[in-house]
Amino acid sequence: MAVNLSKNGPVLTAAFKEVVDEKSNTNWALFTYEGNSNDIRLAEKGDGGLEELVEELNSGKVMYAFCRVLDPNSGLPKYVLINWTGEGVKDARKGICANHVSSMANFLKGAHVTINARAEEDVEPEVIMQKVAKASGANYSFHKESSSRFQDSGPQGPVGSVYQKTNAMSEIKKTNKDNFWAQAEKEEEKRRQEERRKADEERQRLEKERKDREAKETVQRDQRDKERATQIEQQKKYQQQQEAASKEQEKQRWEAASLISQRAMNPREMFKQRERGITPSDSDVPSAAPASPQPVEPPAANSYVQEAAHEEPAQVEETNSYEVPAEETADRGICARALYDYQAADDTEISFDPDEIITGIEMIDEGWWRGYGPDGNFGMFPANYVELI
Numbered sequence: 001m002a003v004n005l006s007k008n009g010p011v012l013t014a015a016f017k018e019v020v021d022e023k024s025n026t027n028w029a030l031f032t033y034e035g036n037s038n039d040i041r042l043a044e045k046g047d048g049g050l051e052e053l054v055e056e057l058n059s060g061k062v063m064y065a066f067c068r069v070l071d072p073n074s075g076l077p078k079y080v081l082i083n084w085t086g087e088g089v090k091d092a093r094k095g096i097c098a099n100h101v102s103s104m105a106n107f108l109k110g111a112h113v114t115i116n117a118r119a120e121e122d123v124e125p126e127v128i129m130q131k132v133a134k135a136s137g138a139n140y141s142f143h144k145e146s147s148s149r150f151q152d153s154g155p156q157g158p159v160g161s162v163y164q165k166t167n168a169m170s171e172i173k174k175t176n177k178d179n180f181w182a183q184a185e186k187e188e189e190k191r192r193q194e195e196r197r198k199a200d201e202e203r204q205r206l207e208k209e210r211k212d213r214e215a216k217e218t219v220q221r222d223q224r225d226k227e228r229a230t231q232i233e234q235q236k237k238y239q240q241q242q243e244a245a246s247k248e249q250e251k252q253r254w255e256a257a258s259l260i261s262q263r264a265m266n267p268r269e270m271f272k273q274r275e276r277g278i279t280p281s282d283s284d285v286p287s288a289a290p291a292s293p294q295p296v297e298p299p300a301a302n303s304y305v306q307e308a309a310h311e312e313p314a315q316v317e318e319t320n321s322y323e324v325p326a327e328e329t330a331d332r333g334i335c336a337r338a339l340y341d342y343q344a345a346d347d348t349e350i351s352f353d354p355d356e357i358i359t360g361i362e363m364i365d366e367g368w369w370r371g372y373g374p375d376g377n378f379g380m381f382p383a384n385y386v387e388l389i
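Counting from 1, one number per residue, gives the positions in the sequence shown under the working numbering.
Any given hint could turn out to be false.
Under the rule of at most 27 Å between Cα atoms (straight-line distance), these lysine-lysine pairs were calculated in the DSS-like manner [what the hints assert, rightly or not]:
{"no.": "1", "residue 1": "198", "residue 2": "177"}
{"no.": "2", "residue 1": "134", "residue 2": "23"}
{"no.": "3", "residue 1": "211", "residue 2": "177"}
{"no.": "4", "residue 1": "61", "residue 2": "23"}
{"no.": "5", "residue 1": "90", "residue 2": "237"}
{"no.": "6", "residue 1": "251", "residue 2": "177"}
{"no.": "7", "residue 1": "177", "residue 2": "109"}
{"no.": "8", "residue 1": "226", "residue 2": "247"}
{"no.": "9", "residue 1": "237", "residue 2": "226"}
{"no.": "10", "residue 1": "94", "residue 2": "131"}
{"no.": "11", "residue 1": "90", "residue 2": "226"}
{"no.": "12", "residue 1": "45", "residue 2": "186"}
{"no.": "13", "residue 1": "17", "residue 2": "7"}
{"no.": "14", "residue 1": "7", "residue 2": "131"}
{"no.": "15", "residue 1": "186", "residue 2": "94"}
{"no.": "16", "residue 1": "190", "residue 2": "90"}
{"no.": "17", "residue 1": "90", "residue 2": "61"}
{"no.": "18", "residue 1": "177", "residue 2": "190"}
{"no.": "19", "residue 1": "236", "residue 2": "251"}
{"no.": "20", "residue 1": "109", "residue 2": "61"}
Think of the hints as simulated: they come from the structure by calculation, not from any bench.
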């Protein structure tokens, strides 16, 4: 990730300006990271020069130092940038911070000498000042020595050599540092590629999960719609069946009422006449049945009771034009099951509900019978409202 210079931007900029301002006493500033983040903060600043600066370098941190020094040749101010990576910093952290060097150089611009340091011998003030002198581009000591050398000063000694012995350890360290930074950059690039690859894989995985979830929800929604449609269809069929059954039952009741209304004479009156010994004449039979069913008006209870009380019924031999079924039992007599509900019009009739049993039935007429109802009362009821059992 990139280095973050905006979080503490005003403080960082103020410290940098103090160092580059020749009128300011502050001649160095040290910058480092906030914890393990990439946010740069000001670690310390001072006016004691390189000697004071190198004392603040921490072997366990990555730090950036910017210092103002005086060129030993010209006496002019020069600026030194030190990229410090302590020996105790983990390799992973080193690789990350290696990519921040260029960003810090752009921020701490104007440096005449840049030093990549890992140990104390890399930041010794004498070594740094030698590099500053070499970078100045002018060797004033050479001119001074030349002017004095060509003066007549007597016999000259042997000519000296400019040969300097090569320090093998110093060269090895320098090579190792260069190799380290190159390797760090490669590792950082490899790490970024790996992060991009993982991010792509995670994005593809999330996209696949989203598509699978949407497909599953679609299947479940279609299944719910089918189940709902099936339930609605079943409810419609059930309602149609109920309506058909209700119409059929109403039709049967209407037909039963029509049969009752179309009989030749009132069976209760015929029953009374039979008890009195009177045979109904043909003149009492109407020539035609009514065109539409009329409600049966039962005889008044009081008149029937009074007549039964004052008149002794005659012994009349009743004959039926239909046969008695064989389902008659010894104790209950002829029994029938109610097909419809019937409410008694007076005390001479009985009431019952569908599926209730009427016992001890006497078939006094083709349209009207007598028997014991579910409540134990004995009375008349329409014959077509029941079925024999």
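We went through each hint and held it up to the structure:
1. Under the criterion of a C-alpha separation no larger than 27 Å, the hint pairing residue 198 with residue 177 is inconsistent with the structure, at around 31 Å.
2. For the proposed pair residue 134 and residue 23, the alpha carbon gap of about 26 Å is at most 27 Å, so the pair holds.
3. Between the alpha carbons of residue 211 and residue 177 the distance comes to roughly 51 Å, so the proposed pair goes past 27 Å and is violated.
4. Note on residue 61 and residue 23: the hinted pairing is violated, with a Cα-Cα distance of about 31 Å set against a maximum of 27 Å.
5. Distance check on the hinted pair: residue 90 and residue 237 sit about 79 Å apart at the alpha-carbon level, beyond 27 Å; violated.
6. Simply put, residue 251 and residue 177 have alpha-carbon atoms about 110 Å apart, too far for the 27 Å limit, and the pair is violated.
7. Distance check on the hinted pair: residue 177 and residue 109 sit about 23 Å apart at the alpha-carbon level, within 27 Å; holds.
8. Between the alpha carbons of residue 226 and residue 247 the distance comes to roughly 31 Å, so the proposed pair goes past 27 Å and is violated.
9. Distance restraint check for residue 237 and residue 226: the Cα-Cα separation of roughly 16 Å lies within the 27 Å cut-off, and the hinted pair is therefore satisfied.
10. For the given pair, residue 94 sits about 25 Å from residue 131 by alpha-carbon distance, which is consistent with the 27 Å threshold.
11. Our distance criterion of 27 Å between C-alpha atoms is broken by residue 90 and residue 226, whose separation comes to about 63 Å.
12. A distance of roughly 33 Å separates the Cα atoms of residue 45 and residue 186; the hinted pair therefore is violated under the 27 Å criterion.
13. Our distance criterion of 27 Å between C-alpha atoms is met by residue 17 and residue 7, whose separation comes to about 18 Å.
14. With a C-alpha separation of about 34 Å, the suggested pair residue 7 and residue 131 falls outside the 27 Å cut-off, and the hint is violated.
15. The straight-line distance between the Cα atoms of residue 186 and residue 94 is roughly 12 Å, inside the 27 Å bound, and the hint therefore holds.
16. About 17 Å separates the Cα atoms of residue 190 and residue 90, which keeps this hinted pair within 27 Å; it holds.
17. Distance restraint check for residue 90 and residue 61: the Cα-Cα separation of roughly 9 Å lies within the 27 Å cut-off, and the hinted pair is therefore satisfied.
18. A threshold of 27 Å between alpha carbons decides the hint, and for residue 177 with residue 190 the separation of about 20 Å falls inside it, so the pair holds.
19. Restraint check for residue 236 and residue 251: satisfied, since their Cα atoms lie roughly 22 Å apart, inside the 27 Å limit.
20. With a C-alpha separation of about 22 Å, the suggested pairing of residue 109 with residue 61 holds against the 27 Å cut-off.
Checked against the numbered hints listed earlier, the structure breaks hints 1, 3, 4, 5, 6, 8, 11, 12 and 14; every other hint is satisfied.
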